[in-house]
Amino acid sequence: MKKFLALLLAVAMTLALVACGGNGANNGANNGGNSTNNSGESADSGDASGDTIKIAIIGNTTGDYAQYGIPVSNGANLYIDQLNANGGINGKQVEVVEYDDKGDGVEAVNAFNLAMDQGITAVIGSVLTGPTITLADATYEVNMPQISASATAQGVTQIDPEDESAGIRTNVFRSCFIDPFQGQTMAHYAADKLSATTAAILYESGSDYSEGCMNGFVEACGELGIEIVATEAFATGDKDFNAQMTKIAAANPDVVFMPFYYSEAGLAITQGRQAGLTATILGADGFGGIKDYASAEDLEGTVYGSGYAPGTESVAQFEADYEETYGEAVPNMFAPLAYDAAMLLCEGLKAAEEQGLTAGSDEYKQAVIDAIASMNGVEGITGSYTFDEYNNPEKSVAMIQLQDGVEAFTEFYSFN
Amino acid sequence: MSYVFSQAVNALQLGSIYALVALGYSMVYGIILLLNFAHGDIIMVGAYVTYYAMTSFHFHPLVSVVLAVIMCTLLGVVIEKVAYTPLRSAPRLSLLITAIGISFLLENGAQLLFGTDTKSMVQDPLIPGTLTIGDVSITYAALITILVSIVSMVALTILVQRTKLGKAMRAVSEDMGAAQLMGISLNRTISFTFAVGSALAGIGSVLHVASYFQASPMMGSMLGLKAFVAAVLGGIGSIPGAMIGGFAIGIVETLVTAAGLSTWKDGVVFAILIVVLLLKPTGILGKKITEKV
Chain A
447 MKKFLALLLA VAMTLALVAC GGNGANNGAN NGGNSTNNSG ESADSGDASG DTIKIAIIGN
507 TTGDYAQYGI PVSNGANLYI DQLNANGGIN GKQVEVVEYD DKGDGVEAVN AFNLAMDQGI
567 TAVIGSVLTG PTITLADATY EVNMPQISAS ATAQGVTQID PEDESAGIRT NVFRSCFIDP
627 FQGQTMAHYA ADKLSATTAA ILYESGSDYS EGCMNGFVEA CGELGIEIVA TEAFATGDKD
687 FNAQMTKIAA ANPDVVFMPF YYSEAGLAIT QGRQAGLTAT ILGADGFGGI KDYASAEDLE
747 GTVYGSGYAP GTESVAQFEA DYEETYGEAV PNMFAPLAYD AAMLLCEGLK AAEEQGLTAG
807 SDEYKQAVID AIASMNGVEG ITGSYTFDEY NNPEKSVAMI QLQDGVEAFT EFYSFN
Chain B
51 MSYVFSQAVN ALQLGSIYAL VALGYSMVYG IILLLNFAHG DIIMVGAYVT YYAMTSFHFH
111 PLVSVVLAVI MCTLLGVVIE KVAYTPLRSA PRLSLLITAI GISFLLENGA QLLFGTDTKS
171 MVQDPLIPGT LTIGDVSITY AALITILVSI VSMVALTILV QRTKLGKAMR AVSEDMGAAQ
231 LMGISLNRTI SFTFAVGSAL AGIGSVLHVA SYFQASPMMG SMLGLKAFVA AVLGGIGSIP
291 GAMIGGFAIG IVETLVTAAG LSTWKDGVVF AILIVVLLLK PTGILGKKIT EKV
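Which chain is which? The protein sequence lines are A and B, in order.
Quick note on this note's numbering: the first sequence kicks off at 447 and runs consecutively.
Quick note on this note's numbering: the second sequence kicks off at 51 and runs consecutively.
To be clear, the hints were calculated from the coordinates, so they are not data collected in a lab.
Careful, some of the hints might be misleading.
Each computed EDC-like pair below joins lysine to aspartate or glutamate, with the alpha-carbon atoms no more than 20 Å apart [what the hints assert, rightly or not]:
hint : chain 1 : residue 1 : chain 2 : residue 2
1    : A       : K538      : A       : E799
2    : A       : K737      : B       : D167
3    : B       : K169      : A       : E853
From a predicted model like this one, the values you see are computed outputs, not experimental measurements.
Sequences and hints are given; from them, build the entire structure.
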């Protein structure tokens with residue numbers, strides 16, 4: 447009997463692990479997808495030799511998470527096609543060589559080596575966090591300018607996020623913001639716009655995304671003098687937040703920060719309101735689509751920061767062009783972020799061209815890197831870009847507010 | 051005061067759902083010594099039936115509820131007939147592996163059929179509203195969850211203790227061979243046990259939807275595991291044990307969170323499982339079983 451029960455225990459724990467594993471995959475998806483469109487073929491025809499500047503787009507356009515990689519490829523190609531149609535850079539066309547890394551780091555490095563043989567001078571990619579870091583190690587060795595539109599982990603630009611002395615990959619940039627930055631932004635927004643003095647946090651323990659956002663929020667609250675009156679956690683897969691929300695409601699904070707995804711957030715907000723919570727709810731970009739997951743009344747006033755504000759003036763032209771070119775509406779924020787990534791890289795190329803350097807040379811690459819690193823408020827369609835000492839963009843965040851059950855864009859917010 | 055009351059309601063609401071699910075585990079284990087790991091996923095199917103009945107077919111909530119319970123009952127019996135009956139004389143391990151297989155089949159089948167996204171019916175809740183008396187408030191969903199589960203448990207106790215079928219169930223669970231010799235139909239009794247267990251899961255699924263408004267393909271897996279812990283804690287195979295275990299787990303989770311240790315909530319629950327298995331594997335109310343030679 448005892449043996450049998452011991453066996454059951456083992457089975458139960460295995461199942462628990464399986465359950466956790468499943469959630470891990472989801473988290474991975476949200477940390478950025480990688481995809482590539484067509485591999486190995488240049489998307490643009492361009493004259494060989496000195497009249498073109500070659501760059502590579504590496505990403506996962508097939509396989510799991512291709513829903514992230516395809517928009518990245520489309521968004522970046524769209525920018526470059528438009529640039530070329532307008533005469534390119536310094537009279538030269540930008541030629542794209544594109545590779546599919548299938549979301550795999552080794553494939554990404556192989557693709558990069560093939561692209562090097564073609565004489566590229568910069569890389570856009572990869573898409574998923576994992577392959578992007580592997581690729582960044584390879585590009586760092588040869589000081590190749592690289593920019594990702596979607597990899598949010600600190601470890602993409604920092605060699606070891608735990609140890610600052612390990613240094614940063616000076617050649618690697620990104621157009622999306624990192625997780626702790628979202629938390630910082632929401633804390634500053636709470637202090638500036640909501641005059642909050644107390645805050646509570648509910649987060650998903652074990653999720654890199656949730657904990658990263660939370661750490662940034664806590665850090666900024668300390669600097670701003672916002673008192674954290676309750677910090678509660680839940681496990682991935684939980685549906686019952688009653689105990690946590692009753693506790694948070696009793697602490698009566700001005701704002702509650704919930705850095706996790708819309709379906710759980712909807713439940714937590716509903717249960718919090720039932721427990722008598724009146725605080726304003728703050729979320730991160732995982733809140734996109736939350737309007738269907740809690741009642742309009744409970745959601746009223748909820749604010750979250752997003753990388754992209756659909757339907758706003760700055761992206762209207764892009765959305766129209768995207769739909770015309772690819773026959774579908776912009777699927778998610780990865781397409782506009784990739785459009786910006788391509789824009790940032792091409793601005794860097796422009797600077798190198800102006801110095802009269804030879805594409806592909808070491809000086810040329812260094813000039814591109816220097817130009818991107820020293821950008822100050824360059825306007826993209828998803829916000830304005832300035833890079834910090836870790837090569838992460840300090841950009842304005844699109845604030846989305848829930849009004850009568852509609853997710854409405856209110857303003858671009860930046861705390862710098 | 052109202053804080054303590056609210057947390058007590060939270061504990062009972064959570065605990066009653068665990069208890070209803072744990073009952074299904076315990077009954078099936080009691081009768082054929084099978085840990086039916088697909089049990090949690092039956093709840094998931096019930097939640098989807100409620101969701102589609104209400105949102106796609108616009109049935110009356112009561113009709114949707116009855117439909118969900120009936121579907122769960124049928125599914126439980128079908129699973130028993132298709133997957134477990136052919137293996138009745140096989141080693142228990144084969145049965146256990148089959149149960150895990152069925153669980154995966156249901157979870158992945160649901161992803162294929164219904165999609166991987168979470169379905170929400172918060173805009174049109176099953177049991178809307180909140181009851182406020184003085185400075186304490188309780189949602190009708192919580193109130194009905196607690197009441198319905200207590201009524202279900204009383205009904206189950208009467209069924210098992212006072213009816214002929216209940217007597218047959220107890221006899222089969224005591225000694226399958228002897229019960230058969232006394233003229234009790236094994237197949238009928240075992241199917242009936244699955245039907246009752248799955249009906250309780252169906253009620254659990256409806257209450258779950260009423261409290262948490264959502265249906266998702268993986269919702270049954272963690273719920274099922276927690277209910278399994280509840281069943282082991284109460285003494286697996288024991289019906290009152292499953293009820294006590296369910297409420298105990300709900301109370302422990304709420305207490306741990308109320309104490310400010312929400313990060314440790316699941317850790318504490320599974321630690322209870324380990325401690326019970328090490329110190330008192332028969333649980334709180336479990337009978338001491340001597341291994342037959």
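How the hints compare with the structure:
1. A:K538 - A:E799: Given that 20 Å is the threshold and the Cα spacing comes to 9 Å, the pair holds.
2. A:K737 - B:D167: 14 Å, holds
3. B:K169 - A:E853: 19 Å, holds
Of the numbered hints listed earlier, not one is contradicted by the structure.
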